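**Student:** Listed below are the residues making up each chain.
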Amino acid sequence: MNIETSNLQFSYPTGVQALRRISLIIESGEQVAIVGQNGAGKTTLVKHLNGLLQPTSGYVRIGDWDTKEQSVAKLARRVGYVFQNPDEQLFSKNVGTEVAFGPRNLGYAGKQVQSLVYDALAMTELSDKTETNPYDLSATWRKMVALASVIAMDTDIVIFDEPTTGQDAANVTRIANVIKVLRERGKTVITITHDIDFCAENFERVIAMTQGKILLDGKANEVLGQEEVLATTYVDPPQLTRLGKRLGLPATIKNQDEFLRAYASTNRGKN
Amino acid sequence: MEDMAIVNLKNVTYRYPLTDSPALQNINLQVIEGEFVSVVGPNGAGKSTLCYTIAGFVPHFFKGEISGTVEVAGVESSKSSLHEWVLNVGLAFQNPFNQISGAKYTVFEELAFGLENIGVPREEMKIRVEEAMKLTGISDLADRSPYSLSGGQQQRVALTSILVMQPKVLVLDEPTSQMDPIGTREIFGVIRTMAEKGMTVILAEHKVEWIAEFADRVIALHDGKILLEGIPQEVLTSDFLLDKGFGISRYTSTAREAKKQGLWKKDKLPVTLDEAVEGFAK
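From first to last, the protein sequence lines stand for chains D and U. Read in order, the letters of the first sequence correspond to residues 1 to 271 in the numbering used here. Read in order, the letters of the second sequence correspond to residues 1001 to 1282 in the numbering used here.
Rather than coming from a laboratory, the hints here were simulated on the basis of the structure. All values reported here derive from a predicted model rather than from experimental measurement. Incorrect hints may appear among the rest.
[Unchecked claim] Label pairs and their computed distance ranges (CB to CB):
1. 1225/U / 91/D: 33 to 39 angstroms
2. 1142/U / 70/D: 45 to 51 angstroms
3. 1104/U / 54/D: 40 to 46 angstroms
4. 181/D / 1239/U: 26 to 32 angstroms
[Said to hold, decoys possible] Capping the alpha-carbon separation at 30 angstroms, the derived lysine-lysine pairs in DSSO-like fashion look like this:
5. 245/D / 1259/U
6. 180/D / 111/D
7. 1282/U / 245/D
The beta carbon of each residue, even a glycine, is placed where N, CA and C say it ideally should be.
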């Protein structure tokens, strides 16, 4: 199911123009990271994909649906959205009920709800916490409950808004694993992130936004190597990309394996 | 050193109400004036609780059981009240939503709120707000509603609302978690500048690369206890911490792997870009 935005413009009621002529196609099964400075319009853009916001002009299509013609409730069948702050979306008395709410609401049969919940809890390592009240969990695990409750809806498109914010190393690894499983299942994953190292290690395509526009859009290694352009939207290249560049390695480095391979083949590495 | 310490925690153990195990255990921590100390540790290690303790929210606001002593500028926390305490210590919360008052329509008014409460004259208030906004780069947000801002912008406002109070001790709980990368680096620079001017800084943080670049000392917290402390380069490259689930920079993890393959020849592992370049360039 493709996502298409065409000349998408959006202004907040205060007059702040948040999106300026965004034309974009995201194909089924793509893994896309959206990066860019605070206030660039990243969250405003993804809120158009599930109808939380409607374009001031232009259009947004999710498969064959124009978001203007569908309710947010209906769009929820195609687009799952994990908010930046889990506390904005959790309300049930225990984790199991919370995670079951989405698929139940979409009208799945009882047995299927059960299996979707079981699967989402396993993926987020929450299987032993089904009876716990989400608010008795640490912020780290509440984040995983928010992920699970959206994954359980089994939508073709999943959006994460800054999933790694405030998370420790172990939980960032957990979240990366969730994204990997979704990729293997052919889901489209769109993630807003400031964690540029996480972005380099987990996404194939990167979109950099600035002032309501798309600044760069391409393969991760093409986008992340452009230090000067990224700096205009307050993004630094990933740590290992910067290191590779300083050492004069020929290719744009995205992760540890790429770095070690490239470094080992230089003269210094061979010494 | 203990005599010179502006922040002095002795044998502090603290338990939140209705919990079985202490969130902090036997914490001994001395911080001298103008020092920039960073607290690292996995989620649940007690970083936020330590921030709340130094800022007086523990035990004054959160209640619970505390033993040991917490002193700031020679005054003991248990013998002071929260409204006296905040004159010396400012805390920026992890989540800026929790900090913004909700009582003000513009960023400018929000920033003046704390000053109004302590009776700063109007003219001085304006000057202090304007200076603080300039420092953190938010002058252009002055007339916006605090709630119309992005997460990172709100975090800048939350930090500025503390800086404007000019506390002796600045306690920051992941103040850049929602900021863009270069914005994060800028804010670390601002915090460093405040420390150079004599403000004492205690910062709970996951962003190891910038801690290494800007902080004087690192405290590694795990299960409510201090596991290690020392200069950033040593603490942040310790094998011991890696095994306990602490975050490390990509420079450190990559050099560690390179060392196994014979590609990193120095003894010390790098934390910063410059250290990594230096080691790999040889």
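**Student:** Going back to the hint list, which numbers does this structure go against?
**Tutor:** Those not satisfied are hints 2, 3.
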